[in-house]
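> With the hints as your guide, set chain L onto chain Y.
As a plain string of letters, each chain reads:
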Amino acid sequence: MNRLDAIFTAGVALIFASALFVAKVYKEGWVIEANLFPIVITVPALILAAILLVKLLRGKPGAEKEEKVEVVEGAPAGGGGAITASEARRRTYITIAWIMGFFLAIWLIGFTWWTITLFLVLYLKLQAGEGWKLTGILTFICLVFFIYLFVWTLHLPFPEGLILEWLGLPEAVYLPRPFW
Amino acid sequence: MSDFLLFDAFIEGLIQVLSFPAFGFMLVGMLIGFVVGLLPGLGGATTLALMLPFIYTMEPITAFAFLLGMHAVVATTGDITSVLFGVPGEGTAAATILDGHPMAKKGEAGRALGAALFSSLAGAVIGAFFLAAAIPFVRPLVLSFGSPEMFMLIVLGVTFISALGGGSMLKAFLAGLLGLLIAMVGQDPQMGIYRYTFGWLYLFDGLPLIPAVIGLFAVPEIVDLAVSRGAISGDAPGKLGGVWQGVKDTVIHWGLTIRCSLLGTFIGFIPGLGGAVAQWVAYGHAVQSSKHPELFGTGMVEGVLAPGAANNSKEGGSLIPTVAFGVPGSAAMAILLGAFLILGLTPGPDMVGKHVVVTFSMVWTLVVANVITVALALLFLNQIARITQIRGGILVPVLILLIFLGGFAAKNNIGDLVSVVLFGFLGVAMMKLNWPRPPMVLGIVLGGLAENYLFISTQRYGATFLGRPIVIIIMVFIVGAILWPMWQERRKKAKRQLS
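Top to bottom, those sequences are chains Y and L.
Residues -11 to 168 (my numbering) make up the first sequence, in order.
Residues 44 to 542 (my numbering) make up the second sequence, in order.
Certain hints may be false.
[Claimed, not checked] Taking lysine-lysine and the DSS-like style, the derived pairs with C-alpha atoms no more than 27 angstroms apart in a straight line are: (1) L:Lys538 x Y:Lys43; (2) L:Lys475 x Y:Lys43; (3) L:Lys334 x L:Lys149; (4) L:Lys397 x L:Lys536; (5) Y:Lys43 x L:Lys291; (6) L:Lys334 x L:Lys291.
Since the hints were derived computationally from the structure, they do not count as laboratory data.
Source: prediction; values computed, not measured.
Excised from the complex, chain Y in its bound form (with noise of 0.2 angstroms):
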């Protein structure tokens, strides 16, 4: 894991050198009040990162051999008995991947009560393999609960989708709207 820590500490490292060339070189109209606190902050951050950065580098090589065997310890805490790091490490990604394409989803055709309903059904079948008839109330609840709330009560300007706002169309087609 040293390996991907260093990684990591390194992109953390780019962050803070990139924050202090705005500040310091690149400041487009920036008076001493405003890049005084980021200078301030990313100074101390860099030597930081950097004294990691060579502790990590320095660690035990034999930390990477010990991953590739090693059990997720938080996995047989769901009953779905010990897995390995690399069965792990894919059943992340298929998630993320899911968070993604819900995100994208509601940026292309919108935050709406269709997007929910195809991303819920899509997941409880294909991922989770529930059944139609919980597949379905599953679906329905939440409906409800994303209609009645956040649409209808509290009146969330959701985003339209960039494909619906193209094609023009008005927006009570994907809204629905309380029936009185």
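Positioned in the frame of chain Y, the structure of chain L alone reads:
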């Protein structure tokens, strides 16, 4: 006003709160607060603002029973989702996740919820009575805290980062500094210059806290749950109960509960520090004062008691400057100040004089609302805790929907969802690589305030602000907070070598 008259007013305040229609409106407010507290992203301040128009026709005591009844409960129930799912119901309930959620994973959800709610009740009662006791002589205390003292208090808060590190102090400090840097995004408070915004309108106002907290804490927990493919509570369903054990824990650790309640009251009492700070400072105190600081983050009940107590006691504390001077202690109190104006009341000497009954009714509302909520919640907590036995496959998509809804509710901008995703990835990476996440949140919370108070201090006093008596006292605490964990570590090493 004589002591006798004050006592009469104190009792009169209780009677008024328990009378109709104040009591009925308080129950309605509590119901709204209960739901809002459970929903991620919807804050107490937002709900107060939404409910403000309804008080126009109410009497002052009824109006405050309604508003404060709601606000008091939001802080209490926010802990429930933090413990069960690792999703903070409130920005101010994020610290409860650190040990509350690991307890739920160990099958001790009932115990964690019992501890969170009962410590919240203890905190609320202590905070409320501190408010009542402070009313007669609060003025000199508030006036003794200027910008230099506020700045040093924030530095003290940042210093607690070292305690929250959970192993690597170097990583903890770096995470804290990263949080401070993130807080720099947006318009700078002095000159109005846009920093690190990349010309993106969403960033002009800075990064909101809620999407950041949801991303850093909830997304990694969801990923963890999806990876395990089981239920949150895993193999230990037999221990799901234990609500009364949580209540007993509060009594067993009564010293910690009282200390954190007082800490929360004090932080709430300082205008501008806000509730999100109180719970982190209390958590840091619990870690530092524990004999086993290395076990925090793995499901220590003290890690639930401390933020729970501080979270609610700060409400009483933050009412003090609001009522006594019209200086709001938090965003929610600023909105409550609007209620004063709507009702034709002027915060200040009148509130501890001719309107003292109204002030005491606020104290009683905080106490009564929390007692009723906790008593009702304790009856159903074992049932609520059973949610942790539901299969992960069913919970994960619902939680993903909730984090996006909660994140979006913060600023109603698509940028909030981008923040949730980006902070989520960062949170997953930090969790996998053992980087502590709480210091980063603390940095985000305190960054803007620290810069502001430092600027005012240096402009007003120059470097001499460091010589002010209260500043020196706080500095001594800061040095102690840095050295204490180092000294403890050394002592442990020496012991290990000896054995």
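> Could you run down the list of hints and mark each one as holding or not?
Hint by hint, here is what the structure shows:
no.: 1; hint: L:Lys538 x Y:Lys43; verdict: holds, 25 angstroms
no.: 2; hint: L:Lys475 x Y:Lys43; verdict: holds, 18 angstroms
no.: 3; hint: L:Lys334 x L:Lys149; verdict: holds, 22 angstroms
no.: 4; hint: L:Lys397 x L:Lys536; verdict: violated, 61 angstroms
no.: 5; hint: Y:Lys43 x L:Lys291; verdict: violated, 44 angstroms
no.: 6; hint: L:Lys334 x L:Lys291; verdict: holds, 20 angstroms
Hint compliance for this structure: hints 4, 5 are broken, all remaining hints hold.
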